[in-house]
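For the sequence shown, position 7 (counting from the first letter as 1) is numbered -1 according to my numbering, and the numbering increases by one without interruption.
To be clear, the hints were calculated from the coordinates, so they are not data collected in a lab. One should not assume that every hint holds.
Stated by the list, open to error - Derived pair list, reagent style DSS-like, types lysine-lysine, alpha-carbon separation capped at 25 Å: (1) K1 with K16; (2) K41 with K55; (3) K55 with K16; (4) K41 with K1; (5) K51 with K16; (6) K41 with K25; (7) K41 with K16; (8) K25 with K55; (9) K41 with K51; (10) K51 with K25.
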Amino acid sequence: MEDGTSTSKRPYIRLNSFLSNVTKNAGQEVRFKCEAAGTPLPLQFTWLKNHAPVEKNRKTRVKNREYWSRLIITDLDVLDSGYYQCVVSNSVASVNTTAVLRVSSHVGE
């Protein structure tokens, strides 16, 4: 039985939060946040849209920290709709969470 004083930690990785499906109107902004824990560090965060790496551009930003990553997409349009996935990995394993973003072309649609 472990008493919690051991300095060696078993390798692991787990999600601390999961993405949720979102519906937005064109012109709005969406923020997805992915949180994880694990050892060994570092944790590597990768964002995918429809199974391809998210392209960073003037309206798409990614902010990474040690235990979380945030994907921000501004000025949404219908072409931003799709499946968004956060993949978190370290040297041992990887985990992921997925959400659907639906962008309506008209306000109030």
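Comparing the hints with the structure gives:
no. : hint         : verdict
1   : K1 with K16  : violated (42 Å)
2   : K41 with K55 : holds (16 Å)
3   : K55 with K16 : holds (21 Å)
4   : K41 with K1  : violated (34 Å)
5   : K51 with K16 : holds (15 Å)
6   : K41 with K25 : holds (14 Å)
7   : K41 with K16 : holds (16 Å)
8   : K25 with K55 : holds (9 Å)
9   : K41 with K51 : holds (14 Å)
10  : K51 with K25 : holds (16 Å)
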